[in-house]
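Asks: Please work from the sequences and hints to get the whole structure.
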Amino acid sequence: MAGASDAAVEDAATGVAEIEKPRSGGGQKASGLSGAIDRILSLLSSVPFGIVLLMLLIIACMIGMLIQQQELDSFPAYYAELTPAEKTVYGRLGFFDIYHAAYFNLLLLLLSLNIILASIDHFPTAWSFIARKKLTASPTYAMAQKFKEKVEIPQLGRKQLTERASEAARKMRFKVRLTEEDNRTTIFAERGVWNRLGAYLVHIGLLTIFAGGFMTSRGFTGMMEVSPNKSSNRMIQNVFNIDNANTQHAIGQRELELPFTIEGVDIQQKLINKSGSIDAGNTLDWLTRVRIVDQEAGKTTEALIHMNTPFDYRGYRFFQASFNPLGSARTIKLKVTPANGSPQEITIQRNGEAKLADGTRVRYIEFNPHFVVGSDQKVTFGSAEYENPAAHLAYVTPSGEQGDVWAFTQAGVNQMSNAPFLKSKFLDTGAFHFVLTDFEKVPFAHTLSIQFDPGARVVYVGFTILCLTLIAVFFFSHQRLWIVIEDGAVYLGGNSNRNRLGFEDRAKKLAALIREPVQAV
Amino acid sequence: MSQAIKSINASMPAAPEISAKRPAILNFLPAIVPLAGALLLFAARIKFGPSVTPADGTLVVLALLSYIFAAAALVTNFWAPIAFLQRLGLWTASLGFFFNLSGWLVRWVAGGERENWIRMTEMGKTFFSYIPFANLYDLSVAFAFGAAFATLLISNRPNTRFIGALSFPLISLILLMAVFIGDSFINLPPVLDSYWRPIHVGVASLSYGVALVSFALSVVYLIKDGVKSEAMGVAVTAFFIVGYVVVWLMGGFKAFDPLSFSYGLNPVIVGQQGLMNISARIPLPGVGILHGLSLLTLIGMAALFLIYIYKNNESARRVGHLVLRASLVLQIATIALFFYQVKTMTNVGSLVSSDQYYKIGYQLMGKDAAGRSNAAGQPVENVISAGANFVAQNGDAMVLNLRSNPVEIAALFTMLVATIFVALFGFRSEKLRENLPSLEKIDSLIYKTVGVAFAGLAILLVTGAVWANESWGRYWGWDSKETGALVAWLAYGGYLHSRIAHGWSGRRSAYFALIGFLLVIFTYLGVSYILPGLHSYA
Numbered sequence: 001m002a003g004a005s006d007a008a009v010e011d012a013a014t015g016v017a018e019i020e021k022p023r024s025g026g027g028q029k030a031s032g033l034s035g036a037i038d039r040i041l042s043l044l045s046s047v048p049f050g051i052v053l054l055m056l057l058i059i060a061c062m063i064g065m066l067i068q069q070q071e072l073d074s075f076p077a078y079y080a081e082l083t084p085a086e087k088t089v090y091g092r093l094g095f096f097d098i099y100h101a102a103y104f105n106l107l108l109l110l111l112s113l114n115i116i117l118a119s120i121d122h123f124p125t126a127w128s129f130i131a132r133k134k135l136t137a138s139p140t141y142a143m144a145q146k147f148k149e150k151v152e153i154p155q156l157g158r159k160q161l162t163e164r165a166s167e168a169a170r171k172m173r174f175k176v177r178l179t180e181e182d183n184r185t186t187i188f189a190e191r192g193v194w195n196r197l198g199a200y201l202v203h204i205g206l207l208t209i210f211a212g213g214f215m216t217s218r219g220f221t222g223m224m225e226v227s228p229n230k231s232s233n234r235m236i237q238n239v240f241n242i243d244n245a246n247t248q249h250a251i252g253q254r255e256l257e258l259p260f261t262i263e264g265v266d267i268q269q270k271l272i273n274k275s276g277s278i279d280a281g282n283t284l285d286w287l288t289r290v291r292i293v294d295q296e297a298g299k300t301t302e303a304l305i306h307m308n309t310p311f312d313y314r315g316y317r318f319f320q321a322s323f324n325p326l327g328s329a330r331t332i333k334l335k336v337t338p339a340n341g342s343p344q345e346i347t348i349q350r351n352g353e354a355k356l357a358d359g360t361r362v363r364y365i366e367f368n369p370h371f372v373v374g375s376d377q378k379v380t381f382g383s384a385e386y387e388n389p390a391a392h393l394a395y396v397t398p399s400g401e402q403g404d405v406w407a408f409t410q411a412g413v414n415q416m417s418n419a420p421f422l423k424s425k426f427l428d429t430g431a432f433h434f435v436l437t438d439f440e441k442v443p444f445a446h447t448l449s450i451q452f453d454p455g456a457r458v459v460y461v462g463f464t465i466l467c468l469t470l471i472a473v474f475f476f477s478h479q480r481l482w483i484v485i486e487d488g489a490v491y492l493g494g495n496s497n498r499n500r501l502g503f504e505d506r507a508k509k510l511a512a513l514i515r516e517p518v519q520a521v
Numbered sequence: 001m002s003q004a005i006k007s008i009n010a011s012m013p014a015a016p017e018i019s020a021k022r023p024a025i026l027n028f029l030p031a032i033v034p035l036a037g038a039l040l041l042f043a044a045r046i047k048f049g050p051s052v053t054p055a056d057g058t059l060v061v062l063a064l065l066s067y068i069f070a071a072a073a074l075v076t077n078f079w080a081p082i083a084f085l086q087r088l089g090l091w092t093a094s095l096g097f098f099f100n101l102s103g104w105l106v107r108w109v110a111g112g113e114r115e116n117w118i119r120m121t122e123m124g125k126t127f128f129s130y131i132p133f134a135n136l137y138d139l140s141v142a143f144a145f146g147a148a149f150a151t152l153l154i155s156n157r158p159n160t161r162f163i164g165a166l167s168f169p170l171i172s173l174i175l176l177m178a179v180f181i182g183d184s185f186i187n188l189p190p191v192l193d194s195y196w197r198p199i200h201v202g203v204a205s206l207s208y209g210v211a212l213v214s215f216a217l218s219v220v221y222l223i224k225d226g227v228k229s230e231a232m233g234v235a236v237t238a239f240f241i242v243g244y245v246v247v248w249l250m251g252g253f254k255a256f257d258p259l260s261f262s263y264g265l266n267p268v269i270v271g272q273q274g275l276m277n278i279s280a281r282i283p284l285p286g287v288g289i290l291h292g293l294s295l296l297t298l299i300g301m302a303a304l305f306l307i308y309i310y311k312n313n314e315s316a317r318r319v320g321h322l323v324l325r326a327s328l329v330l331q332i333a334t335i336a337l338f339f340y341q342v343k344t345m346t347n348v349g350s351l352v353s354s355d356q357y358y359k360i361g362y363q364l365m366g367k368d369a370a371g372r373s374n375a376a377g378q379p380v381e382n383v384i385s386a387g388a389n390f391v392a393q394n395g396d397a398m399v400l401n402l403r404s405n406p407v408e409i410a411a412l413f414t415m416l417v418a419t420i421f422v423a424l425f426g427f428r429s430e431k432l433r434e435n436l437p438s439l440e441k442i443d444s445l446i447y448k449t450v451g452v453a454f455a456g457l458a459i460l461l462v463t464g465a466v467w468a469n470e471s472w473g474r475y476w477g478w479d480s481k482e483t484g485a486l487v488a489w490l491a492y493g494g495y496l497h498s499r500i501a502h503g504w505s506g507r508r509s510a511y512f513a514l515i516g517f518l519l520v521i522f523t524y525l526g527v528s529y530i531l532p533g534l535h536s537y538a
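Taken in order, these protein sequences are the chains called A and B.
For the first sequence, the numbering used here puts the final residue at 521, and the numbers step up evenly by one.
For the second sequence, the numbering used here puts the final residue at 538, and the numbers step up evenly by one.
Errors might be hidden in some of the hints.
Unchecked claim - Now the in silico label distances, taken between C-beta atoms and shown as ranges:
hint	chain 1	residue 1	chain 2	residue 2	range
1	A	Glu345	B	Leu39	49 to 59 Å
2	B	Trp79	A	Leu178	50 to 60 Å
3	A	Pro420	B	Met345	52 to 62 Å
4	A	Lys175	B	Trp79	38 to 48 Å
Worth flagging that the hints you see were computed from the coordinates, not collected in a lab.
Cβ coordinates follow ideal geometry from the N, Cα and C atoms, glycine included.
Replies: Here's what the structure looks like:
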């Protein structure tokens, strides 16, 4: 099965692969402007040019991977370690933000043009497989194909052989078309001709994704910190600014106004080990409940956003993005002992209230995971960890007596007993003694990412087209077999645009089917 | 074998391997039997608990041993075409696939039991929450069985079974790295607990596997096409040198420092949470010198081979092959000494030099919630003293461990295996070429595998994009892992288009397929190992 001789016999219309042909325009020297346009068009529509563009794109992406991009968190440290020369050269070449550089976009534009033009150029050849099928063939033609086989059964005539062969071809699931000529019959057996069009659909999918990507670039994304009882209609966007002349860079922030207000209702963090830390490593999920107050539409919507479960509203999408790691508590459990009464248990939600048996209202104001008193006698955060948790409370008795107090864990209370000043200032204030018996850990705030992306739907359509057509292209093939029948002999020859071995197996089985019953007789 | 087939072909039109009667499914038994076996074992493990099967780590080691044996049998078969040897290799590989897949499936159950199936009982998640696709170990085990499965499927005809001789050594290297990474579990980061994970990573392991097979086929194509083993030697040398340069560009040399000829590993502290890698380097005496000499001999070999290729200088070729053998000896010695030192060195903490305190301090100070280093805002002296204090307090607990730097250790083995193959291809290469199927046939297999890998990588990119859009709010962010996968996909796109571009097909196409796989490997390892980004866990 030598390749060279086959290729010589193969003619363009029936060729196995569509081989790039030099354009005829290249030969005749057209003068002036039209000649130049012709040459540019022929370059833009050529497949080798497309491959060169692909390689340039690969190189640009490799640069983008090997040189850190400005939006990475680690970029400031990386940038600081570069030499001034590197900063200047990389900066001027746009390497710190290569995927948004003008030349990168130009590359994508050229590639899109190339895909469109090359597809237009190649489409007629592919279409001819469907519109102009070669229905007849000579034994010589069949024997010049990549797959070829001759079956000789002298005792059978042309008609019997034709029946046998067409039955065999149908059995091997080929579509069969019969053409009678004076001295021979040709069966044109074919499978999966639509496969020839698959490549074009793949490219349509790709162009759809590009178009969607362009639409996405008109959208925007911002961040908003959410905690219970906090509401805002502004989100924050990072702005990167690299000054190549001074080899400086800065990350600024910009506020964007939303057409609605987000009110924090509740935040919750589900932990693997409930008494462990609130690090990501011990976390199952972060849940954020918000209320979207929309003045324009005149309605209010409740939403739950958690990990991998975004929420859509008016073209905006809300994602659980990150959290403020300062430890807080979603609910607190308190043991309250009145000065002259028996202790009782209450549970209060964050920013919520509870009523004691005597009608006193207790409000949970804030939480401090690591309660310390600074040199200025003010309460501050020792750290973000739950080292000395305390809840700040306010109470109003039925008689109107008001006060605020800190509730500590039993360990905290014991510790404080050694410090009389602190004890008198924070513990023994008023008619109640509070002990923080339990609390549900939660971060101080969650951060939502809010995205407005007008292109995502288009991109998804492109994704769908791309995946389906790629599967259709690469898991199927266009197989053609010419079965030329003369008295006593059948010549089989054919080719396949893909999966040659599979095709040849099928064709060999077909030949065996033509041969077998006779041998059995 | 091809001689026999050729002569039969000439006399009889129907090749003997194809018969209308023998069901095609029988040819796929080496792929199907282990698949079924592993699923049975999986079911048994779920039903009867941990006592009925070996632990997942044991199964993976058994798989590695089987693959190595299969590779050896199939490589020998290149020069000694014995049907028994081929069959033995194939069925051992099949056994390896069984162990490999079983190990992964058993790990699935073990991972769930470890958390008491809390995600299913308390969070309404499914069994797929525990699919072992959490870190580089899991992915490597899956990559290996994906590649083994693809190889066994393609080996469904006698004249395609040669492919195992190249793909099983590669698969063994991947699994070897997995063994060095170690099978300890990690807590799954919440963002990964999505139903997209089994889809996305599953597609990754299978398409990476198919890409590996296309790489092996391209190498075979080049051998058959008459590319000299000397040229391959030059390419292999260039590959490792480029690798070193890229690592250096990305923030300095890691294990091996060519300026001081020292080869060092991170010391580790064994704790309850597993190993803690300390970002210092403990030089292993002698290993750096041997590794440096191995590299130098490789470079010398490449230079001599270049002289042979361009000047047709026969004595350069001969000396080059001698140098090649010297490099092989040196590399084996490097690995032997490496293991000896790791096993026997004591008092590791005292070997941490004071110029490494800064790095240790930097590591200890950790990162804030936004991923920025806390050390960046601190005076240098504070960072250094934090590092020094840590070494003073914990120096005694520091030890060397083979699991500290899996990628770098696997790289030592990869260099050795690549060098062995260069030497092998130079040995009676005419006979080797004769025993390989025709160029056209190999080409058709490359086209098939690249087609599947291309479609697979596209689905990988798309599922990754959709997942990213569902959890991070953007379908494409030029994250280094995303870009890496895109680049590999583009290279395969280049391959596919080179086939329809006049004058680009044949050898040039095969180069595209080679580069495509190298980029897949870069995405798979390089990105996690040297680049910052969202996929840093795997």
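Asks: Could you tell me whether the CB distance from Lys175/A to Trp79/B stays inside 38 to 48 Å?
Replies: Between Lys175/A and Trp79/B, where Cβ atoms are some 46 Å apart, the hint holds.
Asks: At the C-beta level, are Glu345/A and Leu39/B separated by a distance inside 49 to 59 Å?
Replies: holds (52 Å)
Asks: Taking the CB of Trp79/B and the CB of Leu178/A, does the distance hold inside 50 to 60 Å?
Replies: Taking Cβ atoms as reference, Trp79/B and Leu178/A lie about 51 Å apart, which means the hint holds.
Asks: In this structure, is the beta-carbon distance linking Pro420/A and Met345/B contained in 52 to 62 Å?
Replies: holds (56 Å)
The structure fails none of the hints (numbered hints given earlier).
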